[in-house]
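**Student:** Residue 28 in the working numbering sits at position 28 of the sequence shown, with consecutive numbering throughout.
If you're looking for bench data, these hints aren't it; they were derived computationally from the structure.
Possibly wrong hints are sitting among the right ones.
[As the list claims (entries may be wrong)] No more than 30 Å apart at the CA atoms, straight line, and that leaves these computed lysine-lysine pairs for BS3-like:
1) Lys-67 / Lys-125
2) Lys-126 / Lys-107
3) Lys-15 / Lys-67
4) Lys-126 / Lys-67
5) Lys-125 / Lys-107
6) Lys-110 / Lys-125
7) Lys-110 / Lys-126
8) Lys-107 / Lys-67
[Said to hold, decoys possible] Computed spacing ranges between beta-carbons, pair by pair:
9) Tyr-64 / Phe-113: 18 to 24 Å
10) Gly-69 / Glu-41: 20 to 26 Å
11) Gln-37 / Asp-7: 32 to 38 Å
12) Leu-49 / Ala-71: 21 to 27 Å
The structure presented is a predicted model; accordingly, all values stated were derived computationally and were not measured.
Ideal Cβ positions, reconstructed from N, Cα and C, are used throughout, including at glycine.
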Amino acid sequence: MRTDGFDELIADLGKELVGHDRYTAVSDASAQVSRVQAFDERVVAGASLDDLDLDLTPSVLRDYCEKLGRAPVTRDTLRALMPEQGLLVSGPDNEQVTAGALILFGKRLKDFFSHAVMSVTEAGKKREIYEAV
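Sequences and hints are given; from them, build the entire structure.
**Tutor:** As C-alpha cells, this is what we get:
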C-alpha cells in the first residue's frame with residue numbers, strides 16, 4: 001500500500017481493516033487509570049450477569065460494531081467486547097456489572113435505579129423519555 005502522508009495512511013488503513021478486529025479486555029485492574037468515573041462506568045453493587053438480558057446484548061452490540069466497521073460480534077467475542085466498552089469490569093472474584101450495562105441491557109432496571117428517568121435524543125432532534133421498569 002502506497003500513501004502520500006499520515007492522514008492518507010490512516011484513511012487507507014481504515015479501509016483495509018474494515019471488518020477486522022481484536023476484542024481485548026483489560027483484566028488487570030491496575031491498568032485502569034485512576035480518575036473520576038462517569039455514572040455509567042460505575043460498578044453497581046449487587047448486580048450480576050444474571051441481571052442482564054444476554055439474549056438482547058449480542059444483537060445490539062453486533063449492530064453497534066457493524067455501524068463502526070468493526071468485526072462481527074459473536075457469543076465468543078462478546079465477553080471480551082463488553083469490558084472493552086465499559087459494560088463489565090474485572091473484579092476480585094468475577095466480572096462486575098456497570099451502570100451502563102444495566103441501563104442498556106438490564107432485565108429489571110427499577111431494581112437498581114428505582115427513580116431513574118432517561119432522556120434519549122436521536123440525531124439532535126427526536127427526543128424520548130424513558131422511566132425505569
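**Student:** Would you mind marking each hint as holding or not holding in the structure?
**Tutor:** Here's how the hints hold up against the structure:
no. : hint                         : result
1   : Lys-67 / Lys-125             : holds, 20 Å
2   : Lys-126 / Lys-107            : holds, 25 Å
3   : Lys-15 / Lys-67              : holds, 14 Å
4   : Lys-126 / Lys-67             : holds, 20 Å
5   : Lys-125 / Lys-107            : holds, 28 Å
6   : Lys-110 / Lys-125            : holds, 27 Å
7   : Lys-110 / Lys-126            : holds, 25 Å
8   : Lys-107 / Lys-67             : holds, 25 Å
9   : Tyr-64 / Phe-113: 18 to 24 Å : holds, 22 Å
10  : Gly-69 / Glu-41: 20 to 26 Å  : holds, 24 Å
11  : Gln-37 / Asp-7: 32 to 38 Å   : holds, 33 Å
12  : Leu-49 / Ala-71: 21 to 27 Å  : holds, 23 Å
Taken one by one, the earlier hints all hold for this structure without exception.
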